[in-house]
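Assembling the complex is the task here: the two chains are given apart, and the hints tell you how they should meet.
As given, the protein sequences belong to chains D and Z, one line each in that order.
Counted the way the working numbering counts, the first sequence spans residues 1 to 344.
Counted the way the working numbering counts, the second sequence spans residues 345 to 671.
Keep in mind that the hints are not guaranteed to be accurate.
[To be verified] Pairs of lysine-lysine residues, derived as DSS-like cross-links and limited to a Cα-Cα distance of at most 30 Å, are as follows: (1) Z/K388 x Z/K438; (2) Z/K651 x D/K232; (3) Z/K358 x Z/K423; (4) Z/K476 x D/K232; (5) Z/K438 x D/K232; (6) Z/K358 x Z/K438; (7) Z/K429 x D/K232; (8) Z/K476 x Z/K438; (9) Z/K429 x Z/K358; (10) D/K110 x D/K73; (11) Z/K431 x Z/K387; (12) Z/K358 x Z/K617; (13) Z/K358 x Z/K387; (14) Z/K476 x Z/K429; (15) Z/K358 x D/K232.
Calculated directly from the structure, the hints in this document are not laboratory data.
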Amino acid sequence: MTVRSSAAPAVIELEEARKGVGLWGDAWQRLLRNRAAVAGMIFSAILVICALFADTALIVAIPNALGADLDVKPLLTPYPFNRGDTRCNRMGPSLLPPSRQEGCIQDIEKYGNFPHLMGTDRLGRDVFSRVIWGTRISLTVGIVGSLTALIIGTVYGAISGYFGGRIDNYMMRFVDVMYGFPTLLFVILIMVVLPSENAVQGMINIFIAIGVVGWMGMARLIRGQFLSLREKEFIEAARMVGTRPLSIIFRHLLPNSLGPAIVALTLSIPGLILTEAVLSFIGLGVPPPFPSWGIMVNEGWRGLRATPHLTIFPGLAITITMMAFNFLGDGLRDALDPMMRGTT
Amino acid sequence: MSDNNILLDVQDLKMYFPITQGLIIQRHVGDIKAVDGISFSIKKGETLGLVGESGCGKSTTGRAILQLYRPTGGHVFFKGDDLTKLKGEALRRKRRQMQMIFQDPYASLNPRMTVGNIISEPLEVHNIYRTKAERQERVQELLRVVGLNPYFVNRYPHEFSGGQRQRIGVARALAVNPEFIVCDEPISALDVSIQAQIINLLEDLQAEFNLTYLFIAHDLSVVRHISDRVAVMYLGKLAELADRDELYNNPLHPYTQALLSAVPIPDPVIEEKRQRIILEGDVPSPANPPTGCNFSTRCPRVMDICKEVDPEFRDLGGDHWVACHLY
Chain D
1 MTVRSSAAPA VIELEEARKG VGLWGDAWQR LLRNRAAVAG MIFSAILVIC
51 ALFADTALIV AIPNALGADL DVKPLLTPYP FNRGDTRCNR MGPSLLPPSR
101 QEGCIQDIEK YGNFPHLMGT DRLGRDVFSR VIWGTRISLT VGIVGSLTAL
151 IIGTVYGAIS GYFGGRIDNY MMRFVDVMYG FPTLLFVILI MVVLPSENAV
201 QGMINIFIAI GVVGWMGMAR LIRGQFLSLR EKEFIEAARM VGTRPLSIIF
251 RHLLPNSLGP AIVALTLSIP GLILTEAVLS FIGLGVPPPF PSWGIMVNEG
301 WRGLRATPHL TIFPGLAITI TMMAFNFLGD GLRDALDPMM RGTT
Chain Z
345 MSDNNILLDV QDLKMYFPIT QGLIIQRHVG DIKAVDGISF SIKKGETLGL
395 VGESGCGKST TGRAILQLYR PTGGHVFFKG DDLTKLKGEA LRRKRRQMQM
445 IFQDPYASLN PRMTVGNIIS EPLEVHNIYR TKAERQERVQ ELLRVVGLNP
495 YFVNRYPHEF SGGQRQRIGV ARALAVNPEF IVCDEPISAL DVSIQAQIIN
545 LLEDLQAEFN LTYLFIAHDL SVVRHISDRV AVMYLGKLAE LADRDELYNN
595 PLHPYTQALL SAVPIPDPVI EEKRQRIILE GDVPSPANPP TGCNFSTRCP
645 RVMDICKEVD PEFRDLGGDH WVACHLY
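If we strip away everything but chain Z, and leave its shape as in the complex, we get (with noise of 0.2 Å):
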């Protein structure tokens, strides 16, 4: 990990939620795990995706790394500077340098703003442009960087469909020039039609502006397409983190196994073939994780020592990361 070409660089990240009890003397009784001790790093211009089921800790993840959480333990260095340890101004700072695209176009942007005002709000937050006449400009390059027209600035967001939206908050994000950008399934609220048209735009912003991205969603094919690397994540652990296709051509992890083979095959003939891996049961509640392998309730390939012994995350050669006995 003593590459120089590291931009972010995660170390143990925990997240839990605190559940309490009682009237007015609120009692600690448990936490929620959503994200219980991730690492990875990311390099400069690459983008990983993260992938797993709904509910595993992808999305906290990604709020956690950009302090929108202020994460329960570990480390995160951005460029060096550990983000768990800004405060205040500093932090602030820090956010003209790294960004989000949220998953919910509708909901991510203020109904009562105009776009031109939601675009801007980046720019005079950090005092950007002197002018409002340069902000203004600055405003309408954006829209014109995500294949707006330039005069939608004084509409307002319900004014626009879903896929419009969504552009609207990736220029809102690379307002800033921000180096990265966490991507919180910015695809899944759409069509499919406009899903291809906002990861080729996300393609295309990541070559012209050199930009890394943490890529979350649960489209395994989105994320094939997308990213350099890719994360498998289940019960807010990491179970498997590998290059692209070493991922999708050899996946070691049971629990990538059974995911990837849910993944249908547009070939009638190899389709045919598919064996699909149903895992039984639910996923175990975060609240009160399995002890061990936290995947050992539902592993097809269980072993004793997984519900005594919690798998280290490891290397096990050519940068494929794996947390399983198995290997």
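This is chain D alone, in the form it adopts within the complex (with noise of 0.2 Å):
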């Protein structure tokens, strides 16, 4: 009896202490148990590191982080990215430091002696230095590009669908309108028209480019969240208790809408990578000497036999980059999906 009257009131204080787990909480659980889309998050990870840290940009001065500034140095990569020893180039990939690779003649003393893992491009330039320091254009593009398109596409659409009837009609018209243009016509057209004399600029104009050609997915799929959820008892219990239209939007609508944006978003960066590429492929992206993946390859396929690592290991970077974002988009849709509920 007295173990029993002893143990009750513990049992109230668990209770009170157990918070609920939100279906936020509950997603993430999921996920986590999804070895590709985890496997996804990790080389997702390694990459936003890569990009933030591929040289002192970010701690020298952000202002600088695309590297105008040339007091900049390489922190994870062995090289510059902009630099090398021509008298050493289009050397195939080694393990072995220059000094003691055969037939190299790099000047150590002004370039180090850090192998060439991913071996060098024409100029001399260390391929692998490149890839990493690619990976700050090609990201960047991928989000920046996508949240641009979700902030667009989640506004215009939120207001289409709150709204319905007429309005909805003729704003989803001209998505329609829009979506009738060839995507990459539109952006190299945007791309030739926006000047682009330095970096900065380029990739700006890369961001303006996708966002106006990568909303309308965006904008529909909001639209056809907030549509079907506006018909919702939950909404309608919102009204009745006499929320404001701004408060059922931002507290209700879109918290519910969410998960599909996130998912697509996350599916949309890769698309968005690969844009960059071909973009930089045709010369309309990033301007030399900064490394975009693209660019890369751009400048690599004319030797393909000769110097095929100049084409193949950034390849590889793009490929791998959008298998790890396409699983985690698939573990995210997966995890978020309401109808994979307990089903794991």
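So this is what it looks like as structure tokens:
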């Protein structure tokens, strides 16, 4: 009897301490159980670290993050992305340091003696360093581009879906018209029209171009979510209670449509990285000497037979990154999809 | 209808949903007459049951009364104010006095909000308490009132059973201390064993807080149990309205008779003798209701006049209202 009475309050305390697991927390648990998604997440995290710390730019000065200031020194990369010993050009990948490599005449005093893991290009620049550095541009384009699309698309879709009716009809017909344009052609047009003298401007142009063409899918998605959620009883309950429209959008509608939007966002990143690579490949991306994976493939493909490493490594980087984001996106979709609830 | 005790007076309420055609230029080609001119009143502290088959406009009536849908026509007087004329802020303030309990406890709670946030939302919207601590206290009190553990505040709706969720919905409706609650089939999505609990809870709350209910349901036995008066609806119109016992013992409208004949009796001897009136055909489309009496296409006692003249909804004495040419 005494044992029981002393145990009873403890139960209540435990009950009190128990916090509910929200849908987000639940989804997170499910995501962690998906191995492919976790692998994709880890790889994406490595990419982000590479992009941030490829050189000391972030530490020296954030405004110079794009490398305009040459005082910036390589940090994660063994060599700078824009300089190399031209006497040591087109060397194949090697695990040996240049000093011990046969036929290498690199100025070790000036450039250091780290092995060229992925070889060098025609200007003697270290490909490994450039691939790592290229993460910065590819990832920035992918993430900022998709975020731009998310913001434009969410605002547009939210307005269209919340008000519905005639407004929705006109807004969606405009989206249909925009969809009619061939995407790549449209991007090329924008890129040609906008001036791009330096890397920063080139990047901003890419964001603008991608934002302008990428938001329609997101707008349709959010609009569809809003249209279906709007009829749900909990939205009616919120209106019944007297909640103001803005509050309904931000407290009720948006949190409930964010799941699919996050999935779409993640899945759109590889597409955007590819778009950037394509643009750079045809010479409309970031100007040289800044390395983006697309530019590197473009520079390498002419000598594909003699020096395949110039194409293969940046190509691999694109492929693996796209796979990582796709795995992560698929994992997120499974984790956030309420239909999967309890089936794991 | 000059009774001072009347809390809600609905007059000739109409709710039409337009049917449109065309991709860009939308033409108005017709209306779905979900609610087509109904009038009734509810006294303070009473429960009016509203029954009818699926799609007859019961829920629409409830929503139109609460201005969740803006009615196409008619008036809704709530404590003397015409709700159909109120807009924006004035209507929002009125919402403190009337609330709704929804049918589907799985759809009526935002899955991304904690129970505490769901219940305190009305309190925040109407600035009823100044501090968060006071609101928290009120939320816990409400949870206790509806028979839930106050420690549930930080949990999410999906962690609860259907009956518990419906209690959360009741707590949300009660948060602002309303006088009038529309219960839109609050039990039809629940298990039978849970239904009784929720019904009892609603009755207890009515006694405790002097609530007035419009109780929408299609379960005739439940309506008989909880209501003081019962209204029968068919195809957007009221067929009959009377005191509960009067309606169940002496149904006048052929539709009410058919409806009541479908209720099984839990006594095998009497059940054996129960005569079912089986209606022929389907409910006509509310977009294209029949001329005359809207029940004339299925009425077993149809007369010539029924097909031409729409019967008036009138008091036959003793507050027994019927819309039928037979009387």
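For this structure, which hints from the list above don't hold up? 2, 12, 14
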